[in-house]
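Protein chains: 2
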Amino acid sequence: MRRSSFFLPTLKETPSEAQIASHRLMLRAGMIRQSAAGIYSWLPLGLKVLRRIEQIVREEQDAAGAQELLMPTIQSADIWRESGRYDAYGKEMLRIRDRHDREMLFGPTNEELITQLFRDNVKSYRDLPKILYHIQWKFRDEVRPRFGVMRGREFLMKDSYSFDLDFEGAKKSYETMFTAYLKTFKRMGLTAIPMRADSGAIGGNLTHEFHILAETGESGVFYDVAYDELAAKGEIDLEALDRLYAATDEKHVPGGPGVPPAEQLREARGIEVGHIFYFGTKYSKAMNAVVQGPNGDPVAVEMGSYGIGVSRLVGAIIEAHHDERGIIWPASVAPFQVGLINLKSGDTACDAVCEDLYTKLTAAGIETLYDDRDDRAGVKFADMDLIGLPWQVVIGPKGVAAGIVELKNRATGERVELSAEAALARLAG
Amino acid sequence: MRRSSFFLPTLKETPSEAQIASHRLMLRAGMIRQSAAGIYSWLPLGLKVLRRIEQIVREEQDAAGAQELLMPTIQSADIWRESGRYDAYGKEMLRIRDRHDREMLFGPTNEELITQLFRDNVKSYRDLPKILYHIQWKFRDEVRPRFGVMRGREFLMKDSYSFDLDFEGAKKSYETMFTAYLKTFKRMGLTAIPMRADSGAIGGNLTHEFHILAETGESGVFYDVAYDELAAKGEIDLEALDRLYAATDEKHVPGGPGVPPAEQLREARGIEVGHIFYFGTKYSKAMNAVVQGPNGDPVAVEMGSYGIGVSRLVGAIIEAHHDERGIIWPASVAPFQVGLINLKSGDTACDAVCEDLYTKLTAAGIETLYDDRDDRAGVKFADMDLIGLPWQVVIGPKGVAAGIVELKNRATGERVELSAEAALARLAG
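Same order as they appear, the protein sequences are chains A and B.
The first sequence begins at 1 in my numbering and counts up one residue at a time.
The second sequence begins at 1 in my numbering and counts up one residue at a time.
Just so you know, the hints here were simulated from the structure itself, not pulled from any lab data.
Some hints could be false.
[To be verified] Within a straight-line C-alpha distance of at most 30 Å, the following computed BS3-like cross-link-like pairs (lysine-lysine) qualify: (1) B/Lys186 with B/Lys233; (2) A/Lys130 with B/Lys360; (3) B/Lys123 with A/Lys48; (4) A/Lys12 with B/Lys130; (5) B/Lys171 with B/Lys123.
[As the list claims (entries may be wrong)] From the derived model, a few chain A residues whose C-beta atoms are all more than 10 Å from chain B: (6) Lys12; (7) Glu68; (8) Leu265.
Here the structure is a predicted model, which means the values were calculated and not measured.
Note that the Cβ used here is the ideal one computed from N, Cα and C, for glycine as well.
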């Protein structure tokens with residue numbers, strides 16, 4: 001993509017309304033614009049990142065055996081009356097009356113709708129287990145939306161729902177999603193700490209929150225240092241994980257039960273990006289989602305739900321990966337892999353080397369943003385650091401005369417000079 | 001995907017509420033389920049088709065130089081007051097009040113929001129031309145939603161918006177989208193006839209509707225037979241197209257001005273799937289979307305908008321491609337390319353041949369739905385014809401003993417017997 005025609009309105013100044021790093025950087029890097037309180041338009045650069053994150057989430061859900069469908073944003077109030085949540089949900093639910101004065105709502109979550117779909121279409125235990133998911137825009141009418149996409153009103157969420165015949169099956173589905181979540185966040189360059197969200201009684205609710213570590217995270221988190229060792233091994237050992245202490249500052253009591261000794265306790269900051277629940281037959285009983293069991297008797301299905309804040313993750317990743325100059329995208333979610341800077345657009349020799357390399361990078365399938373604007377070098381450097389693509393290739397008149405380009409790693413700041421061919425080979429490798 | 005675990009609730013009976021072929025077939029083939037009047041959930045099979053259509057639309061927009069972004073579903077009433085359309089829009093607009101009693105709405109279209117985005121972020125003629133688009137769910141509160149996804153209330157639409165400095169530029173953008181639309185529909189196996197939607201005065205509005213031909217189409221269309229010749233050539237000659245007569249039955253006057261003689265006039269049935277408009281400075285003047293022109297003076301930008309009904313196309317393609325047994329997907333939008341039927345699941349030899357071919361098809365990147373259910377052959381045949389995948393491979397005990405499988409083309413009904421290896425080679429080829 002040529003920067004001269006790309007719709008990428010970067011900002012030099014920090015917008016005053018933005019209080020946290022990711023919000024500031026997303027506005028400055030031309031990723032989003034607010035259209036109403038807590039409601040954003042995703043400009044091309046932001047949308048590219050959102051789609052990459054969405055695709056990683058999708059691939060890990062598919063790999064875990066979950067099946068994607070898509071429920072609508074607008075729901076009838078009727079099914080929420082069936083579950084008993086219509087009145088309970090309160091003012092966060094965006095309530096709507098249509099032209100025939102029927103009560104509707106913009107879905108804040110989808111337990112009711114998926115339970116209705118399941119009930120109407122699945123009749124036998126032979127069709128279990130099932131994990132169904134969708135990635136759809138939700139709306140929660142926050143009193144004070146803030147922090148950009150981290151706490152917006154309209155947000156993109158992946159929500160999965162599991163259906164099993166019994167608790168053993170439900171627990172297995174829960175563990176399948178638990179593992180998928182750890183893989184998902186890892187692929188995005190994040191360290192995710194699963195935390196019991198509710199201690200519960202034996203056999204009671206199972207629920208975990210997933211917090212990713214970020215120095216500028218919204219909440220303090222305390223966890224057993226053994227977690228880092230487990231994560232370093234790259235293996236996902238659910239039983240080992242389950243024994244480890246982890247809690248947000250809201251719940252952590254220094255020296256409390258289960259808290260490891262100081263030398264074993266790590267304190268960090270985190271951001272909640274996922275939440276999983278086992279809730280048994282709460283919805284299936286209320287809404288009559290039963291299947292015929294092996295012995296012919298009707299069985300209310302055991303359910304769980306599993307959410308990932310997809311749009312929130314864009315902000316969370318930036319909180320975890322930025323410096324004072326801008327964003328530092330992990331390669332797996334970067335909007336482009338390479339930023340190509342022409343230090344002297346209009347100079348015949350510079351243009352020729354840049355165009356040639358741009359063509360070759362593109363042909364090699366390496367997504368490249370080519371800054372071909374007629375602007376000062378300083379502007380281009382600052383913009384490229386702000387946008388945070390993993391690699392920069394800088395091409396200027398002196399280098400061209402000497403047959404070299406500069407390759408810069410955005411994360412480490414490391415620069416090397418090499419021929420354009422060598423740069424291409426390294427980036428393609 | 002194994003049919004035994006796939007969430008694909010096909011129906012034997014035709015649902016009574018469905019009046020047209022595509023609605024009946026989408027319900028029967030387990031593609032959609034209605035959750036409220038005119039509001040549907042897309043089950044996995046339906047979602048796959050929707051995504052393929054969306055992707056073709058996206059690729060052709062990108063190829064035409066349009067840039068994708070994503071505007072939210074919920075908009076503030078304020079910008080619609082600026083354009084003067086808030087009151088004018090009537091009851092089709094789903095109006096909402098949030099918890100702070102602010103007037104919001106679920107976007108039925110996005111001229112206002114994109115004009116605001118443009119106005120706030122583009123300042124100079126040097127940034128023109130621009131074509132921006134998004135693919136997002138819209139809501140129009142139809143009095144009587146019907147015909148399934150063909151006239152739903154919540155629907156997926158691709159809408160592009162062009163911004164130019166003058167009429168000449170705007171006309172070029174219009175022609176770019178016009179051409180992209182013809183390519184888009186052609187890739188989906190459709191014949192699209194562009195029709196002037198409004199004759200307009202000289203220099204006035206330019207607007208075309210795109211109708212695709214389908215025997216069960218909603219409206220009659222009349223067009224010059226020369227169109228078929230042009231289409232057969234595969235070239236897109238805008239000037240030649242523009243001279244040809246084409247009109248829906250609403251506007252067609254037999255023997256009226258411009259109508260070709262009977263032997264030159266073709267009568268068919270069609271479905272509107274796209275609509276493009278040039279509307280000049282209507283929104284840019286009302287909303288003050290100006291750029292600095294080449295001579296320093298402010299210029300209100302010339303705009304156009306270009307819509308494709310993405311979810312509607314799912315129904316439209318079925319209307320154009322089905323028979324009495326079910327859907328016949330064009331390969332470019334088919335949810336799977338191959339349906340593999342095991343005539344005797346549980347039979348060791350049959351299972352072995354099926355599993356082996358399923359593994360090899362999948363490894364070759366050919367998306368395959370494997371009917372591994374323990375069910376009667378007749379049920380499997382009927383289901384596979386209903387779902388309408390381009391190819392079927394049928395494997396039964398007799399064939400396995402003889403070392404052959406049956407390969408069936410869903411569109412032509414043609415069947416050939418050949419070895420499993422030969423079938424694989426043909427499907428991969």
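Okay, the hints, checked on the actual structure:
1. B/Lys186 with B/Lys233: Holds: B/Lys186 and B/Lys233 sit about 13 Å apart, inside 30 Å.
2. A/Lys130 with B/Lys360: 26 Å, holds
3. B/Lys123 with A/Lys48: Judged against 30 Å, a Cα distance of about 24 Å means the pair holds.
4. A/Lys12 with B/Lys130: 23 Å, holds
5. B/Lys171 with B/Lys123: OK: B/Lys171 and B/Lys123 at ~21 Å, within 30 Å.
6. Lys12: 14 Å, holds
7. Glu68: Violated, because the least Cβ-Cβ distance between A/Glu68 and chain B comes to about 6 Å, which does not exceed 10 Å.
8. Leu265: For A/Leu265, whose nearest Cβ neighbour in chain B is about 40 Å away, the distance exceeds 10 Å, so it holds.
In summary, the structure is inconsistent with hint 7 from the numbered list given earlier, while agreeing with all the others.
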